[in-house]
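The listed protein sequences derive, respectively, from chains A and B. According to the UniProt record's numbering, the first sequence is numbered sequentially starting from 1. According to the UniProt record's numbering, the second sequence is numbered sequentially starting from 1.
Mixed in with the good hints, there may be bad ones.
Unchecked claim - Quick look at which bits of chain A chain B covers, simulated, 3 or more residues with Cβ under 8 Å:
hint: 1; region: 216–224
hint: 2; region: 405–411
hint: 3; region: 415–424
Quick caveat, the hints were computed from the structure, so don't treat them as lab data. Predicted model only: the values in this text are computed from it and were never measured. A virtual CB, placed ideally from N, CA and C, is assigned to each residue, including glycine.
There are 2 protein chains.
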Amino acid sequence: MAVQTVSNTDNATTAAGSAASDAGTVDLGPAAALSCRECGERFELGPIFACQSCFGPLEVAYDLPAGDPEDLKKRIAAGPDNIWRYAPLLPVPADVASKPNINPGFTKLVKADNLARELGVTGGLYVKDDSGNPTHSFKDRVVAIAVEAARAFGFTTLSCSSTGNLAGAVGAAAARAGFRSCVFIPHDLEQGKVVMAAIYGGELVGIEGNYDDVNRFCSELIGDPLGEGWGFVNVNLRPYYGEGSKTLAYEICEQLGWVLPDQLVIPVASGSQLTKIDKGLKELIALGLVEDKPYKIFGAQAEGCSPVSVAFKAGHDVVRPQKPNTIAKSLAIGNPADGPYVLDIARRTGGAVEDVNDEQVVDAIKLLARTEGIFAETAGGVTVGVTRKLIEAGLLDPALTTVVLNTGDGLKTLDAVAPTTGPTATIPPSLDAFRAAGLAR
Amino acid sequence: MAVQTVSNTDNATTAAGSAASDAGTVDLGPAAALSCRECGERFELGPIFACQSCFGPLEVAYDLPAGDPEDLKKRIAAGPDNIWRYAPLLPVPADVASKPNINPGFTKLVKADNLARELGVTGGLYVKDDSGNPTHSFKDRVVAIAVEAARAFGFTTLSCSSTGNLAGAVGAAAARAGFRSCVFIPHDLEQGKVVMAAIYGGELVGIEGNYDDVNRFCSELIGDPLGEGWGFVNVNLRPYYGEGSKTLAYEICEQLGWVLPDQLVIPVASGSQLTKIDKGLKELIALGLVEDKPYKIFGAQAEGCSPVSVAFKAGHDVVRPQKPNTIAKSLAIGNPADGPYVLDIARRTGGAVEDVNDEQVVDAIKLLARTEGIFAETAGGVTVGVTRKLIEAGLLDPALTTVVLNTGDGLKTLDAVAPTTGPTATIPPSLDAFRAAGLAR
Numbered sequence: 001m002a003v004q005t006v007s008n009t010d011n012a013t014t015a016a017g018s019a020a021s022d023a024g025t026v027d028l029g030p031a032a033a034l035s036c037r038e039c040g041e042r043f044e045l046g047p048i049f050a051c052q053s054c055f056g057p058l059e060v061a062y063d064l065p066a067g068d069p070e071d072l073k074k075r076i077a078a079g080p081d082n083i084w085r086y087a088p089l090l091p092v093p094a095d096v097a098s099k100p101n102i103n104p105g106f107t108k109l110v111k112a113d114n115l116a117r118e119l120g121v122t123g124g125l126y127v128k129d130d131s132g133n134p135t136h137s138f139k140d141r142v143v144a145i146a147v148e149a150a151r152a153f154g155f156t157t158l159s160c161s162s163t164g165n166l167a168g169a170v171g172a173a174a175a176r177a178g179f180r181s182c183v184f185i186p187h188d189l190e191q192g193k194v195v196m197a198a199i200y201g202g203e204l205v206g207i208e209g210n211y212d213d214v215n216r217f218c219s220e221l222i223g224d225p226l227g228e229g230w231g232f233v234n235v236n237l238r239p240y241y242g243e244g245s246k247t248l249a250y251e252i253c254e255q256l257g258w259v260l261p262d263q264l265v266i267p268v269a270s271g272s273q274l275t276k277i278d279k280g281l282k283e284l285i286a287l288g289l290v291e292d293k294p295y296k297i298f299g300a301q302a303e304g305c306s307p308v309s310v311a312f313k314a315g316h317d318v319v320r321p322q323k324p325n326t327i328a329k330s331l332a333i334g335n336p337a338d339g340p341y342v343l344d345i346a347r348r349t350g351g352a353v354e355d356v357n358d359e360q361v362v363d364a365i366k367l368l369a370r371t372e373g374i375f376a377e378t379a380g381g382v383t384v385g386v387t388r389k390l391i392e393a394g395l396l397d398p399a400l401t402t403v404v405l406n407t408g409d410g411l412k413t414l415d416a417v418a419p420t421t422g423p424t425a426t427i428p429p430s431l432d433a434f435r436a437a438g439l440a441r
Numbered sequence: 001m002a003v004q005t006v007s008n009t010d011n012a013t014t015a016a017g018s019a020a021s022d023a024g025t026v027d028l029g030p031a032a033a034l035s036c037r038e039c040g041e042r043f044e045l046g047p048i049f050a051c052q053s054c055f056g057p058l059e060v061a062y063d064l065p066a067g068d069p070e071d072l073k074k075r076i077a078a079g080p081d082n083i084w085r086y087a088p089l090l091p092v093p094a095d096v097a098s099k100p101n102i103n104p105g106f107t108k109l110v111k112a113d114n115l116a117r118e119l120g121v122t123g124g125l126y127v128k129d130d131s132g133n134p135t136h137s138f139k140d141r142v143v144a145i146a147v148e149a150a151r152a153f154g155f156t157t158l159s160c161s162s163t164g165n166l167a168g169a170v171g172a173a174a175a176r177a178g179f180r181s182c183v184f185i186p187h188d189l190e191q192g193k194v195v196m197a198a199i200y201g202g203e204l205v206g207i208e209g210n211y212d213d214v215n216r217f218c219s220e221l222i223g224d225p226l227g228e229g230w231g232f233v234n235v236n237l238r239p240y241y242g243e244g245s246k247t248l249a250y251e252i253c254e255q256l257g258w259v260l261p262d263q264l265v266i267p268v269a270s271g272s273q274l275t276k277i278d279k280g281l282k283e284l285i286a287l288g289l290v291e292d293k294p295y296k297i298f299g300a301q302a303e304g305c306s307p308v309s310v311a312f313k314a315g316h317d318v319v320r321p322q323k324p325n326t327i328a329k330s331l332a333i334g335n336p337a338d339g340p341y342v343l344d345i346a347r348r349t350g351g352a353v354e355d356v357n358d359e360q361v362v363d364a365i366k367l368l369a370r371t372e373g374i375f376a377e378t379a380g381g382v383t384v385g386v387t388r389k390l391i392e393a394g395l396l397d398p399a400l401t402t403v404v405l406n407t408g409d410g411l412k413t414l415d416a417v418a419p420t421t422g423p424t425a426t427i428p429p430s431l432d433a434f435r436a437a438g439l440a441r
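Produce the complete structure using the sequences and hints provided.
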């Protein structure tokens, strides 16, 4: 069995929480084990991420609560207005809501009637708007779960490599939860992104090189004694981290009145989010929280980084890596780890994977803003743009209930829309000038 | 009696809603009349903002719900997770939640234990974090109410003058609620702010001049036939608009378990927010929703625009205008309309008005970020900085429950912190370099 021992138990009683040097004492609620997604082998809960037999990715296996689903719904409804209302379904201790954390989630599910009219959707169109999270992206969900795993394993430093949203989410959550953070970024990021990563007061290290160099460096650090006691949220804590995306599935169904949507449009970067939303939906069915019925999952990529979409359309099972070149930088993962699983899910559920080009991304950002007053990140432009394209292609049924994800905030990708977004007119301060501009009505 | 007739009833059945050309049919829920804050004269509900007898400011007078407070609490708890849960206490129709609007509010009240430790607060410190609103500032609250007033009065265009937060809030709410918007800004705003104002697709007009010129132009427009059918959210809709700030008081008390906080620290720009929060607290007491007890209200300003703070400390009743010069631009109103009322309230409740300089604002932004993971706008730096200063001066009692407002988002004022916020180190991608940088532990 395979729990990597955590050696920094001396530091255990910091604000980050008490250490669990003995894996047997780890309390992560209903999480029972890690299980390999390829060969099914099970491992004790610990900071490991790859199967020791086949190197497949590990995910959390649960002893989910048995009993009357109506009781569970009541228990959830009585919980806090954040992801911890779903603690019985997550790898977190039962008293998680009393621990300091960033408490993301329960973001708005916006009934998007104006957008529905424009797209011709008649069956009910919703935007799940994760820009309402504490650092304004869905990353707060996954990081919040990683924080609790880090606490359980006695880690004292939280880390990640990042070019954007993740750095801010880790910095903010670490600050509040009482961890030290040390985040690695390419040294030449734009100043705005550096500020968002640095403001929370953790260590921020610019690495002289590109994002690949940063990742390579982090891999070395994890394997070195220098990295002992470090929780890299999306590497050695990845199995837990990933589970945070399930909360999107839970919230969508609860906000729809404990009903499965017919269709979901989800952005694909590594593919993890899409696979975990599918996992979450299946859990809700298994628990009897929603009635079982078919649902279709659609993946959305940017044309400039569309390895999964290309594979889907070519009928391939294998995803061929691409060198990303798109304004949708938060989706720009050229070699997506969960790509094959995304293909499986899209095909199994009768969905699809599609992509849109940068111009369509910008158009879709503006469409969502002018119809629903939601200013989305480029990733939100990708999902809205892909939704439109899928309807036009007859792949997404406009008569069915559809949920489109917006995973981030337009304030973070102003550059994408700035060149084409400006005043209608510029005039001197006089009524005559205003009348001449033709804007009075 | 004094309801300015709305002449655009021909356009009444737009997406914006049906017009109410006859003031008698205006349904704004419990709002019964407008009443002059100076002389008390009452007027029928309408798009007017100044007393026709004494030119004093008008505010909404209510027929508030009678009955068992516990029943009202239950009714509120059963409402939506936004400001419309308080519809029985707001100038909006009872079915407001079913109308398209931006639906702000019910933002997090964060128990700020880390910050409390740093500041020496032992009685419970909370940050009311309005960066979680749809366009990430408290302005969404006031604009959402103005939208319903505009709908009731049959207006079809929403407008305002703005240099920042308000433009985005009006643009977003108008887009979703089905109004045309036309917003006026100084022509030389930074590109980021222009994008945030323009992205929602309304008309955005750059005025060649400074903010005073923009305001003068808007005043002319309101008085001209060109402006017929236009609702200027903070001018002819101001009495309704202002009521949106009451929801901060309601939420804070409900989130504390229907208990009044002992002390509140509130930013002061025009002063409207502070006065309306006080109004909201008094309503809760009158309705029996909270137990009556003393509370102290503290106003917070930036030193570079501190007319109310200066008057408070000098013991004056009159506020002498200042020419603003501060990084806290969202508070930079040199001649605050509600300044004298702020002085009254601070003195009546045993509070104070204090200011901090720009360096202290930046320090406080960083303090809040590194303790609680909340990245505040400069206005949030002002309230946190003033809280620290008031504690040091012995004016704010650290043994009492204290709520500090953060009314906006740090992403909108990156420039304020950028010069002093950056990487801890920049290194080549090697473990040796990392070791040498002294960051491993």
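Going back to the hint list, which numbers does this structure go against?
-> none
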